[in-house]
Structures are given as structure tokens and as C-alpha cells.
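Colleague: Two chains, two frames, a set of hints: combine them into the complex.
Line by line, the protein sequences are chains S and X.
1 is the number of the first residue of the first sequence in this note's numbering; add one for each residue after it.
1 is the number of the first residue of the second sequence in this note's numbering; add one for each residue after it.
Because the hints were derived from the structure by calculation, they are not lab data.
Warning: the hint list may mix true and false statements.
Distance condition first, Cα-Cα at most 27 Å in a straight line; then the derived DSSO-like pairs of lysine-lysine [as the list claims (entries may be wrong)]:
{"#": "1", "chain 1": "X", "residue 1": "K63", "chain 2": "X", "residue 2": "K108"}
{"#": "2", "chain 1": "X", "residue 1": "K221", "chain 2": "X", "residue 2": "K187"}
{"#": "3", "chain 1": "S", "residue 1": "K99", "chain 2": "S", "residue 2": "K109"}
{"#": "4", "chain 1": "S", "residue 1": "K109", "chain 2": "X", "residue 2": "K55"}
{"#": "5", "chain 1": "X", "residue 1": "K108", "chain 2": "X", "residue 2": "K142"}
{"#": "6", "chain 1": "X", "residue 1": "K40", "chain 2": "X", "residue 2": "K21"}
{"#": "7", "chain 1": "S", "residue 1": "K27", "chain 2": "S", "residue 2": "K109"}
{"#": "8", "chain 1": "X", "residue 1": "K55", "chain 2": "S", "residue 2": "K10"}
{"#": "9", "chain 1": "S", "residue 1": "K27", "chain 2": "X", "residue 2": "K55"}
{"#": "10", "chain 1": "S", "residue 1": "K10", "chain 2": "X", "residue 2": "K40"}
{"#": "11", "chain 1": "X", "residue 1": "K7", "chain 2": "S", "residue 2": "K27"}
{"#": "12", "chain 1": "S", "residue 1": "K109", "chain 2": "X", "residue 2": "K40"}
{"#": "13", "chain 1": "S", "residue 1": "K56", "chain 2": "S", "residue 2": "K99"}
{"#": "14", "chain 1": "X", "residue 1": "K63", "chain 2": "S", "residue 2": "K109"}
{"#": "15", "chain 1": "X", "residue 1": "K63", "chain 2": "S", "residue 2": "K27"}
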Amino acid sequence: MRLTYPTNVKIVKVPCTGRVDIIHMLKAFEQGADGVYLAGCLEGECHFLRGNLRAKQRVAHVKELLNECGVGGDRIAMYNLSSAQGQRFAEIAREMTEKVRGLGPNPAKNGKTGEKK
Amino acid sequence: MIVANRKPFEEIVELIKPYKKIVLLGCNECVTVCAVGGAKEVEVLASELRMYREKEGQPIEIKEHVPERNCDPEYVEPLGAIIADAEAVLSMACGCGIQFVGEHYIEKSVLPAVNTTFDGVTMEHGVWSERCLGCGNCILDKTLGVCPVTRCAKSIFNGPCGGSHDGKCEVNAETPCAWQLIVDRYKERNMLDKYLEIQPVKNWSTAHHGGPRTRVREDLKL
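The shape of chain X in the complex, shown without the other chains (with noise of 0.2 Å):
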């Protein structure tokens, strides 16, 4: 799932401040996941809005509402009656959502209440943790299921290097080095002839730094 954070109240604020009239959107998908814009946190934050303009004497009207999803046209088409009479959006919904519903009402500013962060898992109630950058030439199958590009500070192809001290990272001492674990995982299963093998220079050109991508698929076009 896309994770995100709530950015801090005061530059939320600072973001509505000249609008009387808006719509808070949250997203029911990723955001709801990782408990920062889905219907809970898009309530708290409107009530806390709410609380704020009206103790600095400037009461806000907010119309909260959650989507299925903001980045499908199916569910952002609709939203033109929802937003049609207020100033701006504020939305907690992921980058993609903020974005998409941007394009889809230039004549509104959609503004972001939340930092999307990162692609990840649930690790336990209220903790997420990093898993996926998108590099877009997954090697998983390689790394025996652990991710070198996301995993390591470093990303890099052949590792550990030597900033991996007792199978934690020198970046941050909480944070397990990537190629501890996917050696600790070839001696697991018997295959440290694997590990030998020397990986080639990957090529970037797949990942976001061949420029923004986009998937098609013909046979589903209508």
C-alpha cells in the first residue's frame, strides 16, 4: 500500500487560510490502510480545523467526504457536484489522488494535508515499514524476496558494504542491512554459490529516472 503522514497542523493551516468554504477529501483505499485519510482521520482533522478557525474568530465551513478511490476516473468524476460550490480541496488522499483530482478540476486548488511517503506493508497495528520503490526490474526472485534497491541506503547490487555492522545499517542502527538478511537467507537455504555471482550494473531506465512511466494495455481499452 502507499503510505503516508499527515503533514503538521500549523502548515495545514497555513494551506486553507484564505478560503472560508472547503472540502476535505480522504481516500478509502491506501490512506484508510495506513490510518492517515481515511473516514477517521479526515473527522479528527476537520473537527481540529473547525476548532481552530473558529477559536481565531475565522469559522471555515468543511465538507468532509471519502471516495473509493481518487485515482480512477470513476470515482473523481462524480466529485464535480461534491466540490462544485467550495474555494479549494484539501485532500489526504496519496499524491497520485491529490494529483489526479487536480487535473480533473483545474479551476480548484487541491491542496495536500498529507506527505505521501512510501510504498509499504503493515509491519503491526500502527507501524509501517518500506518495501518497494518501484525500479520497475524487480529482482526479488535474486535477493530471495529481499529487496536490495528499497532495502539498502545504498540500493546497491552486490552488497553488503562496509557500513553493515552486526546486520544493522550505519544509515540508522534500528534499520537491518538488506544484504545481511538476503545472505542470511542463502546460508538458510543452502545457496551461497548464488550469492557469489557477480550482479550487473542495473539499469535505471525503468525506474523513475527514465521520467515519469506509464503501463497500457491495449486489449482493455474501451
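Pulled out of the complex, with its shape left as it was, chain S reads as follows (with noise of 0.2 Å):
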């Protein structure tokens, strides 16, 4: 399809997104990631029947969290796609990479490399 999106996008491949924790998330964020997204298939399409809905949960309570210290709960966001949607994937990368350039670097950076994930 040889697609375009945004090279400061740093993928993290995991098995499902249910295997993604809270405490992942937040370290990104600790070691300097401006924002973080979790591409995770469509609803209802889990290999693992509840995966990605257990990780739409852990990014709401993630939001919570980063809202609390002052991280800003907007850089985190959940998208669900499926493997055959690439053009929507580079999307999304430009989508999530524009709404973060437009929130700033990470408060809690403060001269970390930041990355963005």
C-alpha cells in the first residue's frame, strides 16, 4: 500500500492489547512519550474475546491517572482497527500525532528524549 504516517510514531507490537497494563502506560509517559495510543482490533473481533475491551478500560482509568498528575489524560487514547485497515492506521498515527503536537511536550519530560509511542 506503501502508506505514509509520521516517523515519530514508535510502535510497541504486543500479542493483544489486553496484554497492555497500566503500569505500561504510564512508564512511557515516566521516560518521556508526549502522547501513547493503544491500536487495538475492532470491538466484538477479539482472538481473545475481551482483550481489547479490558484495555479500553485500563486507558480510561490511565486517563484518570495522568489527569491526576498533571500528565493531561488527553495524551492517551484507545482506537480500535482491524488488521486490513491500513489506511486507516496511518490515519490515526496522523490523527494522534497532530492532537499531541497540539497539547505540547510532556509536563513531566523535563529533558528526557521524548518519544512518541
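Modeller: This is the structure:
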């Protein structure tokens, strides 16, 4: 498809978004990421039945935690798309990059090299 | 198990404001099971606090440690080496653990990061419910396994009271009336005659009303 998406997006592969724990998302921010998003399968299509729904709940919880500590819950998001939606993947990468760029750098970064994940 | 709730983040931030180097203690027992102060929660709170302090331009060093228990000397005594160079200890253990660590290290401030709330059970993943007030004189045999001391807002012994409506308590429409549950069980077991027996006034001196309690088993002493 030769689609392009912003180079600042770094991909961390996991077998299922259900594998992503709260601390994984927090650590990304602590280590300097300006934004984090989870790209899970479409709701109802999880190979492990509820992995993406669990991830959705965890992302909602991390939003609260980020608001609490002043980093900002808007810096994290959950997206659902299928592996056949390359076009959508690139679109989301651009959408999230723009959103995070608008929010500015992670306020908890303080000199650490920021990478968007 | 002992069930607790994490204190609001702002309150925790205030507690540790004067310090730059702390130990964040968790506990591998009850607070791990009720998902408030186990290894995971310690990691999450430490991460949140570090980010907050970094943002405020007042970085903090947090050492995370989760002992097996905080309520036994064999687990509390080795903590000395871990907390030696910390300015304060922030604990996610229950009130017993926080106090016991404090008793062992009186020179350190041992601060609570959780509000210890009740003795209860897991209803489902993520839901806990109170079951015991530790009144020191169990009557679950008479009430067929439903504790009116804990589960009735008035802790009455000859209920239900007039606030029981459609099986729910007037204090909270979602709370089942303990005495309705008891009567239902009497009915199910054809024991309604037992229900008619008047229970005497409870002697509360065995509960906390008689002051802090201590239990001694001489044969176990070393």
C-alpha cells in the first residue's frame, strides 16, 4: 500500500491490547513519551474475546491517573481497527500526532528525550 | 481480608511535599487482593508521583518495596536497611501495617497512602463488600450466617427495623436489609420459631468499645 505515517510514532508490538497494563502506559510517559495510543482490534473481534475491551477500560483508568498527576488524560487514546485497515492506521497516526503536537511536550519530561508511542 | 481505598492523589502529594527521597511500601497480603496496595499499585503510584514532582520541578526519588506482610516483626525488621536512607516512608499497607512499621522506626515518618476501610470479601473482580466488624462475640450461628452487627446500619439484634423497605435498607437503597436476609433464611430452613426468640442486649465490651484488644497464647510464646 506504501502508506506513510509520521516517523515520530514508535510501535511497541504486543500479542493483544489486553496484554497492555496500566504501568506500561505510565512508564511510556515517565520515560518521556508525549502521547500514547493503543491500536486494538475492532470491538467484538478480539481473538482472545475481551482483550481489547479490557484495554479500553485500562486506558480510561490511565486517563484519570494522568489527569491526577498533571500530565493530562488527553495524551492517551484507544483506537480500534482491523489488520486490514492500513489506511485507517496511517490516518490514526496522523490524527494522534496532530493532537499531541497541539498539547505540547509532556510536562513530566524535563529534559528526557520524548518519543511518541 | 482488610479492604482499603487509595487516598486522593492531592492528599498524598501534600503528605510527601517536604521530602525528596522516600520509600513507597506496599504489602503482599490483603491490600494486594483488594488491589489497592500490592506491587502493581505501588508501581503505579510511584510512577504518578515521580511524574507529578518532575512536572512541578521538584523531582523525587522513590524506592518501591513490597514486603510479604507489614504486620509481623519478621517482615518489618528487615525493612530497616531499605528505609535507612529515606527521609520518609509512604505506605500503601493497611492501618495495622502503617502503624507497625512506624512503631519499629519511630525516627521516620510513616505516612498513609490509603484509607483502611473494612474487613470484607470479594463479590466479583473489582467489587468488595464489608462482612465483619470484629465485635469479639460472634453470633452467626443464631442469624444463620448473616451478621447483623456489620450488615445492619443500626447493628440491631432483633430486626428488621421500620427502615426496611422491599428488602433494602433505608440508609442506602442498594444495601440489602440484613434482617430481611436473616428472616428469608429462617423461612427457607423452616426455623421461623428461632426468629421469635428475643436476643438479649449485646455486651459491647468485647468489641472496640472496650478499648484496643490484645490476644495472647501463652503456649506459642518463645
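Colleague: State for each hint whether it applies.
Modeller: So, going through the hints one by one against the coordinates:
For the proposed pair K63(X) and K108(X), the alpha carbon gap of about 15 Å is at most 27 Å, so the pair holds. Between K221(X) and K187(X), the direct Cα distance comes to roughly 47 Å. Violation of the 27 Å bound is thereby established for this hinted pair. As the CA atoms of K99(S) and K109(S) are separated by approximately 18 Å, the hinted pair is consistent with the 27 Å bound. Using a Cα cut-off of 27 Å, the hinted pair K109(S) and K55(X) holds, with the two alpha carbons roughly 7 Å apart.
Taking the CA atoms of K108(X) and K142(X), the gap is near 47 Å; set against the 27 Å cutoff, the hint is violated. Under the criterion of a C-alpha separation no larger than 27 Å, the hint pairing K40(X) with K21(X) is consistent with the structure, at around 20 Å. Simply put, K27(S) and K109(S) have alpha-carbon atoms about 12 Å apart, close enough for the 27 Å limit, and the pair holds. For the given pair, K55(X) sits about 24 Å from K10(S) by alpha-carbon distance, which is consistent with the 27 Å threshold.
Restraint check: the Cα-Cα separation between K27(S) and K55(X) comes to about 15 Å, which is no more than 27 Å; the hinted pair holds. Proposed proximity of K10(S) and K40(X) is supported: the alpha carbons are some 25 Å apart, at most 27 Å. Under the criterion of a C-alpha separation no larger than 27 Å, the hint pairing K7(X) with K27(S) is consistent with the structure, at around 22 Å. For the hint pairing K109(S) with K40(X), the CA-to-CA distance comes to about 23 Å; that is within 27 Å, so the pair holds.
Among the hinted pairs, K56(S) with K99(S) is consistent with the structure: their alpha-carbon atoms are about 19 Å apart, no more than 27 Å. Distance restraint check for K63(X) and K109(S): the Cα-Cα separation of roughly 20 Å lies within the 27 Å cut-off, and the hinted pair is therefore satisfied. Taken as a hint, the K63(X) and K27(S) pair is honoured in the structure, with Cα atoms around 15 Å apart against an allowance of 27 Å.
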